[in-house]
Every structure is written in structure tokens, then in C-alpha cells.
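Asker: Quick note, the sequences are listed as chains A and B, same order. Oh and the first sequence: position 185 is 185 in this note's numbering, straight run, nothing missing. Oh and the second sequence: position 163 is 163 in this note's numbering, straight run, nothing missing.
Keep in mind the hints are simulated off the structure, nothing from the lab. Just so you know, even glycine gets a beta-carbon here, dropped at the ideal spot from N, CA and C. Please note that a few of the clues may not be correct.
To be verified - With a Cα cut of at most 30 Å, we get these calculated DSS-like pairs of lysine-lysine:
hint, chain 1, residue 1, chain 2, residue 2
1, B, Lys278, B, Lys328
2, A, Lys133, B, Lys328
3, B, Lys278, A, Lys133
4, B, Lys366, B, Lys328
As the list claims (entries may be wrong) - Derived contacts from chain B toward chain A, CB cut-off under 8 Å, selection only:
hint, residue
5, Asp128
6, Pro132
7, Pro140
8, Ala400
9, Leu401
10, Leu436
11, Asp472
12, Pro489
13, Tyr495
14, Leu499
Said to hold, decoys possible - Quick list of simulated restraints, FRET-style, between CB atoms:
hint, chain 1, residue 1, chain 2, residue 2, range
15, A, Asp78, B, Glu425, 50 to 60 Å
16, B, Gly431, A, Gly518, 34 to 44 Å
17, A, Ala382, B, Asp497, 31 to 41 Å
Protein chains: 2
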Amino acid sequence: MEIVGKQFIDGKRVAESGITFSSYDAATGEALPYTFFQASESEVRAATSAAFRAFGRYRNIPLEERALFLETIAAEIDALDDEFVRLVMRETGLPEARIRGERLRTTNQLRLFATVVRRGDFLGARIDTALPKREPLPRPDIRQYQVGVGPVAVFGASNFPLAFSVAGGDTASALAAGCPVVVKAHSGHSATAEMVGQAITRAVERSTLPAGVFGMVFGAGVGRALVLAPEIKAVGFTGSLPGGRALCDLAASRPDPIPVFAEMSSINPVILMPQALKARGAAIAAGLAGSVTLGAGQFCTNPGLVIGFQGEAFEEFAREFARAMESKPPAVMLNSGTLQSYLEGLARMESTPGVERCAAGPGETKRAHTCAFRADARLLSATGHPLEEEVFGPSTVLVALENLHELVQIVPTLNGQLTASLFAEEQELAGCGELLAALEHRVGRLILNDYPTGVEVCDAMVHGGPYPATSDSRGTSVGTLAIDRYLRPVCYQGYPDQLLPLPLQDANPLGLRRLVNGQWSEGPVPA
Amino acid sequence: MEIVGKQFIDGKRVAESGITFSSYDAATGEALPYTFFQASESEVRAATSAAFRAFGRYRNIPLEERALFLETIAAEIDALDDEFVRLVMRETGLPEARIRGERLRTTNQLRLFATVVRRGDFLGARIDTALPKREPLPRPDIRQYQVGVGPVAVFGASNFPLAFSVAGGDTASALAAGCPVVVKAHSGHSATAEMVGQAITRAVERSTLPAGVFGMVFGAGVGRALVLAPEIKAVGFTGSLPGGRALCDLAASRPDPIPVFAEMSSINPVILMPQALKARGAAIAAGLAGSVTLGAGQFCTNPGLVIGFQGEAFEEFAREFARAMESKPPAVMLNSGTLQSYLEGLARMESTPGVERCAAGPGETKRAHTCAFRADARLLSATGHPLEEEVFGPSTVLVALENLHELVQIVPTLNGQLTASLFAEEQELAGCGELLAALEHRVGRLILNDYPTGVEVCDAMVHGGPYPATSDSRGTSVGTLAIDRYLRPVCYQGYPDQLLPLPLQDANPLGLRRLVNGQWSEGPVPA
Chain A
1 MEIVGKQFID
11 GKRVAESGIT
21 FSSYDAATGE
31 ALPYTFFQAS
41 ESEVRAATSA
51 AFRAFGRYRN
61 IPLEERALFL
71 ETIAAEIDAL
81 DDEFVRLVMR
91 ETGLPEARIR
101 GERLRTTNQL
111 RLFATVVRRG
121 DFLGARIDTA
131 LPKREPLPRP
141 DIRQYQVGVG
151 PVAVFGASNF
161 PLAFSVAGGD
171 TASALAAGCP
181 VVVKAHSGHS
191 ATAEMVGQAI
201 TRAVERSTLP
211 AGVFGMVFGA
221 GVGRALVLAP
231 EIKAVGFTGS
241 LPGGRALCDL
251 AASRPDPIPV
261 FAEMSSINPV
271 ILMPQALKAR
281 GAAIAAGLAG
291 SVTLGAGQFC
301 TNPGLVIGFQ
311 GEAFEEFARE
321 FARAMESKPP
331 AVMLNSGTLQ
341 SYLEGLARME
351 STPGVERCAA
361 GPGETKRAHT
371 CAFRADARLL
381 SATGHPLEEE
391 VFGPSTVLVA
401 LENLHELVQI
411 VPTLNGQLTA
421 SLFAEEQELA
431 GCGELLAALE
441 HRVGRLILND
451 YPTGVEVCDA
461 MVHGGPYPAT
471 SDSRGTSVGT
481 LAIDRYLRPV
491 CYQGYPDQLL
501 PLPLQDANPL
511 GLRRLVNGQW
521 SEGPVPA
Chain B
1 MEIVGKQFID
11 GKRVAESGIT
21 FSSYDAATGE
31 ALPYTFFQAS
41 ESEVRAATSA
51 AFRAFGRYRN
61 IPLEERALFL
71 ETIAAEIDAL
81 DDEFVRLVMR
91 ETGLPEARIR
101 GERLRTTNQL
111 RLFATVVRRG
121 DFLGARIDTA
131 LPKREPLPRP
141 DIRQYQVGVG
151 PVAVFGASNF
161 PLAFSVAGGD
171 TASALAAGCP
181 VVVKAHSGHS
191 ATAEMVGQAI
201 TRAVERSTLP
211 AGVFGMVFGA
221 GVGRALVLAP
231 EIKAVGFTGS
241 LPGGRALCDL
251 AASRPDPIPV
261 FAEMSSINPV
271 ILMPQALKAR
281 GAAIAAGLAG
291 SVTLGAGQFC
301 TNPGLVIGFQ
311 GEAFEEFARE
321 FARAMESKPP
331 AVMLNSGTLQ
341 SYLEGLARME
351 STPGVERCAA
361 GPGETKRAHT
371 CAFRADARLL
381 SATGHPLEEE
391 VFGPSTVLVA
401 LENLHELVQI
411 VPTLNGQLTA
421 SLFAEEQELA
431 GCGELLAALE
441 HRVGRLILND
451 YPTGVEVCDA
461 MVHGGPYPAT
471 SDSRGTSVGT
481 LAIDRYLRPV
491 CYQGYPDQLL
501 PLPLQDANPL
511 GLRRLVNGQW
521 SEGPVPA
């Protein structure tokens, strides 16, 4: 295992700035024995230029090659040894089982995108054949498919050093779409990023693809140059609201604005119906405490707001939940900055009028203690959404409303969210129609009788939602639909068969399901 | 025919500002006998609030009702009488056949979106069923479909008073997606807008839909309030680059940025291969002159740049083309402002070093004369893209390059374009592979042996392209894929069948083609 610490540009490792920085042990804050070099602006441009040059060839390789490339990346990452796992653990403070699980999630995600590439429906082939005798004007032959938008800039998240980072969902979906990727390595796990970057580079070489298909730059502040680089045509980001919004504003300020898919801030409300609490309040309390504290609460789907209804069932639940939260040990966070932000978030909550702490777990230096608050329901509708400012860590806020009607009125005023969970018994679900309709307009994923943490990587997943959950509710950053963010349609009019891209040729050589003259068809174009 | 001139808000006609303006005869500049009222900011908000209230019900009506609504709008517009046609002719200066043709295009477009709504594949239903026994963790049941983003603001274009205006493609696709629409009436055809607005209002009433499904506001400067209204969730625009960019910047500045699909500026290069010119140069010259001058050149697909290769075939073509252009009569433009801009554009071209006028048609007061220029090929790569600044009107620029290789080098540096046309004989097409690959990355539609004017409304059409052709190359504003701009995915996790939206229920009651556990299926979910 060799950590070079230099930029990954067109298959070479380079560093011209001379500005260096370190990576740290998450638990102790101790510097690790690696040196990283801050990328210069010209290095960023070198990486994006290489990506653009690679785009010309990469977007046109056969789909099977593209799928094999994704699988080769997966194999290279799976082959990283125990030393790698220990390195990730040290840099992030996350336990071994989580790292191993997250690696499998990451490589299975790459493999899932390989199946998407092979299935080919992302190509969205549509064919309208010529109608030479139509009156008053003949119709020309027109054929449409989806192509990659161009090189994509990927900003990984601190909290998923593998699954939402260098080879995470944004990279996998962009590569699947035919777009080269330039990653801004997250400074919270620079060494992890380097090892994964090396794995991808080996896969590029084994697949004999142009080296510019993958690039990576290190260092603070390089994101600006990356988003402004003219060769970059879209951005994927997972992280904080201020960070994501800054990238959106930068992208919008370009001479040619580009789309940014930033997954940012969500408090993932959990709604507890009275009969569910009566029937299984203790189990819900235990499960919810587990969800709030899972991974030290460092998930974008962490339940940061628990909404119940006034009455004994909710009070009993609140007591159980407080006990469960207080039984949780303090946890190492991703880094000292994350811990500091968490403590500031708790202090902000405690100083908010109408908010009271109702549980606090045991503390320890350099670790995060669990915390729960009770808040006055009026704060849900208060200016500035004080209960919806994300406190990233193992804490949550409980609120008791008067009744379901009050909640239905409030939901449209809530910020956009990644998820909303509803715990309800069968007999009370019938009365939840209005609530579900309101929630559907404010969230990306509606969950019944389960916690929001745990995001399945599959075709049907939506990990998105209205602002500020994401910067564009029309995308998802988990699941196979994520590929759509990096595609654009193009059409050919009047071209002879042999000059058309394969997905559009008469014989349907790729065996695609295509919309031909308004009918779905898996066969050739009828003569 | 009664022109009220007030805002269309929640089924009522209101005007509180007292600020009035007129509509004008395009040919004479004379004011028409109608008074229009500038919308106040509170009226804009009243319209967007009504749209938001209507969204709750409208997005959940049965698909068949939604399709019938679109067809009812079409029927109401088709039923407008000859007086209406004369009104549009007067306001826009466009001839009768064009207006009647454009009306048919507009209503057929609405009917086409009705078939899209009935087909239901825009719902993008995806189902991953539960795997309760999966190790290490069970998979929950997850089901995804697409829902409307919310109320959409539509800014119509001056040059298509019907097909890209009040009931044009943006409105049709937004309504098809389940989104209410608030239109900013184009001040170039206020009375036309009013008549179409009345037709839509009648259709809303006949369909017993909430009145807020359609709103319209009049007046200069109201666009700002419309784009900033919190209820608006997306914007559709067709018009100038400065206008479109201003809306993009406004939308990006919102507390919650929203997507803008602005179709703005394109010069639609036409590439003439030598053998095609040898074989049929005169026909191409005549056809091209027809395309450049069609509708007084007031099309976003107007061919504003003609690229050939040095040699006698091109010179002969250029002479033919100049003759053809000079034989065209002067034409009434949409309004005096459009004519003024055209004349300024011609003056800018004439004063550009390296550009020479090579043809000018006969002139007449208040009418636009045709014009053609020859430009030094080096200007194609010059800073500021002087040949790519759109001159909206019946003019174009001819450029002769040395060879195909030079063109392949230049294409990636060109601005994004709606279209690129290639005229080539069969035997020279084989050498055009590199050119096509380069063009595919810069345009939305590649055309062979035909002119860019004439945009078929069908499933496969792409009327889009990289900036500045549009603000987001991932959309099209013509063709059925336009609906995707106004949709976002949402998923349900763990919900029982009867609480799921119809598109996601086990039995597949809508008969949709769905992605079920990674396989496309038109049947029920297997037990």
C-alpha cells in the first residue's frame, strides 16, 4: 500500500503546487504518515481537459465494454486488502463491519450499473419513421437516444468514504452514462480516496480505456476551479447545505450554466400514529433510538424530527425513547470538525426557546454523546424552520401535535426532505390518505413502519427530494435512476441506417425496447 | 370576441394595477382597440397560489381525465373562428396559412400529449419487491413513479403565437405531467394570448377542474415576480438569450432554486459537402434560401451559418444562393422591435472585419429585406464567436473552410446549437464519421440533406441542445419527451397495496409497462 498523495491526471500522478496537507486519525486526531498535495488550478484544468479528450472515445465504446469496466472497478475495490480496511477505519472512525459492508454496497452498486448498461433502456431509444406521403407535409425519419452530457465533477461525502465517495453512486452512474469523472477527494478521508483512486486507475488500464476517463484532485478550495472548468458538464455532490448551495451558485454563474445534483440537508421526519404507539411503542422507541444513533447519527437519512400526537401513548413512548437514547454509548465521529459542528448544533437547540433536552447519553472526550429534545409544536411552523436545521450526529427532536389535521396543515410548509416515515397500525392507515398526499409533495421517499436509515440500492430507490434535501428534485443519487442525471437526448433526422448509432438502427442490433411510431417494440423497425 | 385584457386568476378576470398598455398591428404599428392591464405583484402571487391549490387535486385526477382535458383544450382552440385568425394575423404579421397551420400544430400537440398521458410510460413505474430472507439484511418493498414537480411558469415566444405560447408545448407538457400552469402572456400578441387563455379557461370549466390549473398574467416586468413566486417549481421559456439567461439567474437566486428550461439562441449550422453541391447545388441554394427566409427568418431553427469547402462548387453555390436570396421580397416582421433588432444585427455583421455582404434583397419601409454575408473562416474560431451571435431575421452567413479536417477541429469550439444540417452525397458520407461524432456533442438534432426549419412534433424529436441553444441540454421543448422536464421521482417503501398510487399497485390496474425486479413487465407483480 503506497499513498502518493498527488493528483490523478490522465493516468499520471502529479503535484506542482508544493502545498501539502495531512490526513488524520478520526479517533485521536493524530496526523497519519501521509502527505497530500493541494491541486493547482492548472492541475484541475489538466484533469478536466484529459476527461474531455477521453469523453470522445469513452462515450462510444460498446456497452459491453462499459459494463465490464464498471465490474473491473468493483473487482479492484473488492481486492483491496485488510490493510486498506484498517486505513479507512482509522481515517473515518467507522467500525470494521460497517467498512466491509459499505465496500460491498459500493461494489454491488457498480455491478448494478453494469446491468443497467447491458439492459440499455437508459438509452431511451425512440424512432418515428418517415411518412413520405403525409399531407400537407411529409414526415422525415427521426430517431432519438440519450448520450452522456460530458465530463462530470464528483464531490464525495465524508460520511460514506466508499459508497458516496470516489467510486460511489455519482461516479458509478456517470461512468455508466458514458461520462468521464473528475473527483474532488474529500479531505476527511484522503488516503482512502487515494487507494480507491488507484483501484479505479488499475481498472482503466486493464480495460484499455483512455486514462482521462478517471481523474482526481486533492485539496481545499479546488472545488471552485473544478466546477468552473469549461469541460465539466455536470456536478454530483453529497454534503452540507452551505457547501452544496455554493457549488450550485458557482455552476449557475458560469458563462454556460451546468446542472448540479447536490444531496444536502434533510431531517427525515418520523410520524408516529397513536395506535402504533399503543401496540408497539417500546419496540418503536428502541428501533428509533438505534436509527438515530446508527453510525454516530452521521447519515443524511438520520431521523432528526419525531412527530407524535398529544396523549399518554406518546408520553410513554417519549420516556422509553429517552431511556433508550441514554443507554447508547458515546461514539467517535468522522473527524474533529464533525464533532465540533455536532456540539454547536446541540448548543443551538438548547438555546432555542421552546426546546428542552429530554435525554442525554453518557459523554467522553472526543466522542459524541447521544441527545434528544422535546420542542413546542409551534416551532414547526416558526419562521426560519428552527427544528429543520440539520444537527448532524446522534440526536433528534420530539414534537407532539394535537391531531392529524394539524399535521396535514403543517406538512406543505416543511422543507423538502429525503424521506418521511410513518408508523401506523393497519386500522389507522385508512385515515392517512391526506397526509400521504401532502408528504408525497415534500419528500423523495415515503416509508411505512420502518426507519429512514438504510437506503437500498435498487431500481426503485429515490434518494432525493425537494430543496434543500437536494438541489434538484428531479434526480436521485442512489439507485439506477441516478444515471438519468448525466444523460441528454439527441436525435438524428434522415440519416441512412449504417450511419445511425447502434441503438437506433433498423435491425435493433442491441435488442433494445424502443418506442417505434408510438408503440413499444423489442424487434426491428417494421419495413 | 371580447378582449378583456385582465389577468386570468383562479377562474376570474382581475386587474388592480391601473397600468394599461396596447397591442399593435405588426405591419402598420397601429394600436389595436384593446386595453391590457399590467399585473401587479400581488396578482402574480394570487395566480401562483391558485395554481398551487389546484395542484393538490389536479395531479391526482385519473389519467383519462387529464387526457380528455388536453383534448378539450385542443377542441376549444380549434373552434376559434375566422375573426380569431385575422386577429393573430394582425398582431403578428404572419400569413393566414401559417396561422391556420400553426393552430393545427398546436392542437395536434395537445392531442399527442393526451396519448402520452394515456400510454402512461411517463410515470416511469419501477417496483422492487421485498426480499425478507435476504442476508445480511432483508430488502423492503420499494416502488417508484414520477409525479409532477408543481406549478410551472410558462413564457411564450413572440415568433410562434400559438405553438410556443399560451397553449404551446411548454403548457401542454406541463399539464400532461400533472402541473398547473401560470403563463406570462407575450406582449407581442396580447390579444391572441387572451383568446387562447379564454379557450383554455372554457376547457377547465368543461372538465370541472379547479380553476387554478390555468392562470395568465399580462404586462412587462411581471416575469420576475412569477419566477420568484415560491409556489412555482419550474420554468419553461422560449425567447432571446438575454431574456432566458435573466430568468435562469433569477431562478438560481431563489432561496430554493428551481429548474429553468429556456430555449434561447441557435444559428443552426448547415454544412455543404462538395459532391452534394456538384450534384445539386442549385436545388440546395434554392431550398436554403427558402429556409433562411421562411416566416421572415423568425425561427429558432433558422440557418444562420452555412459552411462549405473552398472550391468552384461552393463558389457556384454561393452565386446561386445570392441570386435566390435577392429574389425574395421584403417581409413584415413580428413587430417593430423585432425589425429594429434585425437591422442592428445586419449592421453589426457589416461592421465586423472579415465579413462582407454578398446579397441583399429589395427593401421597403417597415419590412425586412433579405441579406447574406461571406465571412473569413478564421472568424469561426475568433474570440466572442462573432459569427454565432444570432441575427433574428431573413439573413445568413457563408463560410468556406479548407477541408473537412479543419471543420472537425472547429466543431467542438462552436456554441451549443439546436440543430446541425449536413448536405452530402452517399459516397461522401462514409468520410463524415468524425464530423458526426463531433456534432453530436454540440447539438440536439442532426439533420441529413434537409433544412433545419420545420420541427416535427413527435416522440423522437429533440428541440434542445447545449448552452446557449438551451439552458439545460437534458430537456427538449418539442416532442413528447418534453414532459420529463416537469416530473420528479418519488418512492414508497413498505406500503400495503391499497395505499399505493394506482401505477404501483400489484395488479397493475393501469396496464403500464413497469420495471419489476429488474425485468420489464406489463402484467401484475408476480406473487
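Asker: Taking the hints in turn, state whether each one holds.
Answerer: Hint check results:
| no. | hint | verdict |
| --- | --- | --- |
| 1 | B:Lys278 with B:Lys328 | holds, 24 Å |
| 2 | A:Lys133 with B:Lys328 | holds, 28 Å |
| 3 | B:Lys278 with A:Lys133 | holds, 28 Å |
| 4 | B:Lys366 with B:Lys328 | holds, 16 Å |
| 5 | Asp128 | holds, 4 Å |
| 6 | Pro132 | violated, 13 Å |
| 7 | Pro140 | holds, 6 Å |
| 8 | Ala400 | violated, 24 Å |
| 9 | Leu401 | violated, 20 Å |
| 10 | Leu436 | holds, 7 Å |
| 11 | Asp472 | holds, 6 Å |
| 12 | Pro489 | holds, 5 Å |
| 13 | Tyr495 | holds, 5 Å |
| 14 | Leu499 | holds, 6 Å |
| 15 | A:Asp78 with B:Glu425: 50 to 60 Å | holds, 53 Å |
| 16 | B:Gly431 with A:Gly518: 34 to 44 Å | holds, 35 Å |
| 17 | A:Ala382 with B:Asp497: 31 to 41 Å | holds, 38 Å |
This entry does not satisfy hints 6, 8 and 9, going by the numbered hints stated previously.
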